[in-house]
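Chains as they are written, first to last, in our numbering: chain A, 1 to 437; chain B, 438 to 953; chain C, 954 to 1309.
If you're looking for bench data, these hints aren't it; they were derived computationally from the structure. Any given hint could be a false lead.
DEER-style ranges, computed between Cβ atoms [as the list claims (entries may be wrong)]:
| no. | chain 1 | residue 1 | chain 2 | residue 2 | range |
| --- | --- | --- | --- | --- | --- |
| 1 | A | D229 | B | K870 | 55 to 63 Å |
| 2 | A | A172 | C | T1025 | 44 to 52 Å |
| 3 | A | A172 | C | R1219 | 50 to 58 Å |
| 4 | C | R1258 | B | D744 | 37 to 45 Å |
| 5 | B | N852 | A | T12 | 46 to 54 Å |
| 6 | B | T533 | A | D174 | 29 to 37 Å |
| 7 | B | T533 | A | F362 | 38 to 46 Å |
| 8 | A | F362 | C | E1212 | 23 to 31 Å |
| 9 | B | N852 | A | H40 | 46 to 54 Å |
| 10 | B | L826 | A | A172 | 39 to 47 Å |
| 11 | C | A1244 | B | A570 | 43 to 51 Å |
Simulated crosslink set (SDA-like; lysine to any residue; CA at most 25 Å straight-line) [stated by the list, open to error]:
| no. | chain 1 | residue 1 | chain 2 | residue 2 |
| --- | --- | --- | --- | --- |
| 12 | A | K122 | B | E863 |
| 13 | A | K122 | A | G201 |
| 14 | C | K976 | B | R835 |
| 15 | A | K122 | A | P168 |
| 16 | A | K38 | A | Q65 |
| 17 | A | K122 | B | R835 |
| 18 | C | K995 | B | A642 |
| 19 | B | K870 | A | V173 |
| 20 | C | K976 | B | T651 |
| 21 | C | K995 | B | M641 |
Quick reminder that beta carbons are idealized off the backbone N, C-alpha and C, glycines included.
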Amino acid sequence: MSLAAIDSEYLTLQVGLVEHFAAGGMLAVIKAPPGSGKTHTLIEVLSELAAGGMRIAVAAQTNSQADDVCHRWVSSHPEIRVTRFASQGLAPAPDFPREVSWVSATSELPTAAGITVATTAKWSLTNVTDPFDLLAIDEAWQMGWADLMQCALISGRFLMIGDPGQIPPVVAVDVRRWETSPRAPHLPAPDVVLAEPSLAGVCFRGSLPACRRLPHESVPFVRPFYDFDFHAYVPPGARAVRMAAAWAEPLALGVPVALTLPTPVAGPPVEVDHLVAAAASDVVAQLLDGAELRMGVQRRQVRPADIGVTSSHRIMNAALSAALGVVANEVRVDTPERWQGLERPVMIAVHPLSGVTEPSSFDLETGRLCVMASRHTAGLILLTRDHVGETLRSFVPSAGQAPGRPDVVGRGHDAHLRFWDALAAAGSLRAWLDTTG
Amino acid sequence: MAGTLEAWRMGRPLPRYDTLHHAIAPADQVLIVAFVRMAGESRPWAIAWGAPGAAPSIASVPDGRVRDDVAGLCAAFAGDLIAHLSAGGPHLDPATTAPDPMALHQVWLPNGQHIAMLHQVGYTYSQTRFGGANRDLLRAFGRIAGWMFRDTSRVGNQHIVDASALLTASYVVPAQRVRTAHLGYVLGWLTTDGDREARLAAAMAAERLTVSPTMDPATEREPLAGLVDRWNDARRADGNPAAAAAQIATVLDGEVRRRWRLAEQAYLVLTADDRPVNEGVTALVTESQREFWYQYLRIEQRHADPDQGPAFIAHPETDFHGSSAASRYLIHEAADEGYIGHLIHHDHALFQEALDDGRAFQAQVLGVDDAGTGRSTAPRWVLRLDPTLPHRLRETTRVAPLGSRGHEAIVLVLNASADDLLVTIEWTARKTKPLLGPLQALPMDHMWLGMTVRFVLADAAALTLRRSRRVWSAAAGPGAWLTHGAPTAPIEITGDDDRVDLVLDDIVQIADGVEV
Amino acid sequence: MEVDELREEARRNTRGRFEQWAKNPTCEANILSAVHNVRLDKAASAAGLAPGFGQSPFAIARGNAFEAGLFTADAAALRAALERAGVLPAGSRGLLDLRLRQNGGSRVSGVDAALFETEAWLRAIAADPWQADSIVAAPMVRIPKGVILPEALLIIDAVAVTVSAEGVRLTVGEIKVFPDRGGHTDPGQLASARAQAGVYRHALGLALDHLGLTPRVTAADDGFLVFTWPGSNAPSVRAREDLTYQARRAERGFARLEEVAQSIVRDDDFAADNPTLIARVLAAPTDYKEACLSFCDLAPRCHSRAMAADEPSVLGDDVARILGGMTIARALALMAGVAPADDREADVQRRLTQAR
């Protein structure tokens, strides 16, 4: 599909949303693939509605996300009046835009048309005397229904936008009691809306049409994690990493590569895998030894700050940092949970099933792998023990979820398997040869 | 895992943690209950109940499928159960009068499958139209059983004890997890003298006898199936079913008594344990007593509460109304968040576990400063941590000093280098009160310099509780059309005799004012 | 029992054998037992063990009575529940009862007749959808023969038929007598019910394709489960259960079972008598796990062997997963501080010493 056609789809969606709410629409849920410009879309739609006289509350999930939204609003739509509503005791950062009003008291909330940005936590404990015309929720899949309920006082109309493929919020308590509730308090708010047949008539449903972050050739690898289709915005062949090593051939085509290490007969290390950490260190060294980053017409050598590293276990991340040595100061190493919302030109990820020979439902949850596979703008290198394919093929998923709930284990297993098979089909499964001897 | 291996090496179960994490009420405040049911049925066939150290009351019916007979059996037990639990509850609103933790009355059951029977009882009786003269008592039985079942999923609950779960929470048994769900198996390990082989043999022998309310199919095939047929034949033929009934009662008596005795044995093992009950359990009991009031006694008395919602009979399956679902969920979440915080200050092994997991840390105080302006005080400390140890600190993480629950600080800055991790914290709660512990000094006292202080991550239970209350007021907001539920219809249950029972959900009670 | 009889029984018991395999797909003894339809209780008896997974007469009677009750009087009880749950539209009509006489049916006398009538039914609704009965009890379909596995026969508990302008939609249903307790319903029983419904969905899709009826007639990706309301015999229907991945599991599972069976089944097995096959099962390597305790009568034997070999599986799956092929004695030595021999041992030692 041409860029013009994709741009047209974006525009159609934005126009549709504006018309929906301008005409009194009550509810909209928008799914966004990774790096699809959802905050940009949100700002464009809400700016138009605010310009039309609406008074809009925006809920972000963290203070830094709320600040970031304010920054972006000022730079893209300085004509819109934006207010940042924050807890008392929280001061604006030194670089916080002066154009945005900073208020802490409910009585100071603006009464005229415009945008007021706060965190979900802040909105959920605020009593407004004059409800907003619309509550727009960014990163909505990170918000549980119980959190949304608190916001029933904020507005009667809701716009939810977010990436459903990311890691769901942690639920620590026994929730069996509420699994079959029509308003299950622990579930992501958009999922409750989308599962409720009676809301179908009032809810505007849509999805952003394209992933703008990943290389064109990487997009098919993340599609199995989503239940809607989307395009690649980056043209074919535009992004790649070129390096001398034979294992890196797929990267030169924008395709992810998975480097496999043999699985010991007695089983692989479960949490801290020093061989994998050493391999990651070697990969970084090779990247920094003249690898070329191609981003459209721009070409340059890979720098440490271009590289991100991720694994599921904090203790493995510590081992990865230790293996990287001094370069670890410039290469961010973190869990996928902490990588959400971030990106790097080159990502190195330890496959979440590496070392896991008998996966649990937790292991098969796709959010971690989806986040790992969707942070790069040029190249993705996975590191893993070579049992993963056989582990997935041997696994027989069991659907013991509560009545009416989605088959998360079956879906996770299927998505993992399709991801792995796609790597195999692309010739991207490469045995890692220890170049250090 | 290390504990399991160590217990295997030692050849016996080992204590888990330094303290017991659950209240153990005195024997006269404990009712032990065990059920037996016919396979495929949801209702009891026999019930045993009584205090530890005394002979239990045992009642059964000849055929667990005969609804009226089973209702009579349940009615015989229901009065004692309700009287027992209610006697230990707070009799006034705990918002005005603090509940007495010492008054706690507990019900002990052998395992989770017996607790699931409470759920089935809730389904069967909480809104029943049947039962004749016993109908109100059966409904009350259904309501209290429903509350008992729901409260068992609240972390830190103290009224209803799953004996098997409490034993495995209190001891590390070197066995497969599936096996440790069998109370007899766990008791075999715990109460047998001798080495690993002797204990394991005793456990495996005990495992051959079922603990679940459902009996061994072999026992149902022989002798029960024939006896039940004889009883039914005699009844239909206007004969004398008494002989068969007596024989059935004898079999069921043995079965239910054995289950009851196992739960009693679990109680005795725990009362004989020389570890103290964790001091933090007192707070858990107080919380449980409040829950007992708000979720059971208050509703029995039909008092509405602005923070806890109107008095409605909970649907056995779920909370359909948005407010009731979110309120209960958030209260359970607050209980979970606060649980470790109550216990960790009084249990070194629990602290050590948190330390290994990065949920606690110890640090040397490098700096003490006051960042307050004017008359306000803002004590700040600079701490040095060992950077090689795991931690979960981020900017804005809230921490509490070990042993001084209530004091709280927030992480302002983290500075990491290869050799050092420097963390600046600012005290935010009880900052003008001396910290408990050896120094008994205020946070801003420079005597802290050079000291090593242990911290745990603070919980957000108080905030979550606030949110649980707000979901009721949010039902009046303009967004409630979406957030607070959908219209529902009563569930009709048609019995074998074509008579229809109804179950009304919480929405019709809360939104439409329908009384159950 | 002659081998032909075994194979015939195996055809009818495919679903049970498939699910038995799925409970421990890496145990060769379990694979052989499933492939050759060798009952684990018989194998256990041959090994001198007492089988422990018998069925209660009361449970069997209740299950039969419940299922029979659903289909009486034009399936009135089931129909009302299906209409309430939105599986069928209000005012639905018609029951086609394809249950075998031996299973409570009144008309269909045997397997061949059931297969014939099911095929006739599928062709008829494709030809004249608006005359379709809305509930079909016990249609029988087959999964084609593999190299190792015999052709499978499957009796689907119930099918709901809905008709629209797009064509006929068949929704498979699984009936279970256990109580529906919402989120507290036994996950193992739910998984079993969904797995069976997934096999039905897979098989029905194959049958429709085979008959060339797709897309005029389609098998829905969702299904319904019928349980009981606790404390009563009233049906409780759970509609719109997503069977996409359970159907895919069935498709992949049959292929995988065939694939792994290829490597362990011997040519002479197919001419062997039952005692020989039992001996083959008993002689096969095992892969003992906690899950075995819930279904396999041979589990006590495997437990004893694991104890004798000092295998960590006797301490549970969690311990076994972390220790892998290591013995308990070696793990204890690592815990005591001996030098680890490789990365895995180092990882195990770190975990053991950290948690002390």
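Comparing the hints with the structure gives:
At roughly 60 Å, the beta-carbon separation of A:D229 and B:K870 lies within the given 55 to 63 Å, and the hint holds. The supplied range of 44 to 52 Å is met by A:A172 and C:T1025, whose beta-carbon atoms lie about 47 Å from each other. Between A:A172 and C:R1219 the C-beta distance comes to about 51 Å, which sits within the given range of 50 to 58 Å. The hinted range of 37 to 45 Å is not satisfied by C:R1258 and B:D744, whose Cβ atoms lie roughly 59 Å apart.
In this structure the hint that B:N852 and A:T12 lie 46 to 54 Å apart at CB holds, the actual value being about 49 Å. Between B:T533 and A:D174 the CB atoms are about 31 Å apart, so this pair conforms to the stated range of 29 to 37 Å. Between B:T533 and A:F362, the C-beta spacing of about 44 Å keeps the proposed range 38 to 46 Å intact. Separated by about 28 Å at the C-beta atoms, A:F362 and C:E1212 satisfy the suggested range of 23 to 31 Å.
Under the hint 46 to 54 Å, the C-beta atoms of B:N852 and A:H40, about 35 Å apart, miss the expected range. For B:L826 paired with A:A172, a C-beta distance near 24 Å fails the hint of 39 to 47 Å. As the Cβ distance of C:A1244 to B:A570 is approximately 49 Å, the hint placing it in 43 to 51 Å holds. Using a Cα cut-off of 25 Å, the hinted pair A:K122 and B:E863 holds, with the two alpha carbons roughly 22 Å apart.
Among the hinted pairs, A:K122 with A:G201 is inconsistent with the structure: their alpha-carbon atoms are about 31 Å apart, more than 25 Å. This hinted pair does not check out: C:K976 and B:R835 have alpha carbons roughly 45 Å apart, beyond 25 Å. For the hint linking A:K122 to A:P168, the alpha-carbon distance of about 21 Å falls within 25 Å, and the restraint holds. Of the supplied pair hints, the one linking A:K38 and A:Q65 holds, its CA atoms being roughly 13 Å apart against a limit of 25 Å.
Between A:K122 and B:R835 the CA atoms are separated by roughly 17 Å; this keeps the pair inside 25 Å, and the hint holds. In summary, the hint linking C:K995 to B:A642 is supported, as the alpha carbons are separated by about 23 Å, within the 25 Å threshold. Distance hint between B:K870 and A:V173 is unfulfilled; the C-alpha atoms sit about 33 Å from each other, more than 25 Å. A hinted pair counts as satisfied when its Cα atoms are at most 25 Å apart, and C:K976 with B:T651 qualifies at roughly 23 Å.
Restraint check for C:K995 and B:M641: satisfied, since their Cα atoms lie roughly 22 Å apart, inside the 25 Å limit.
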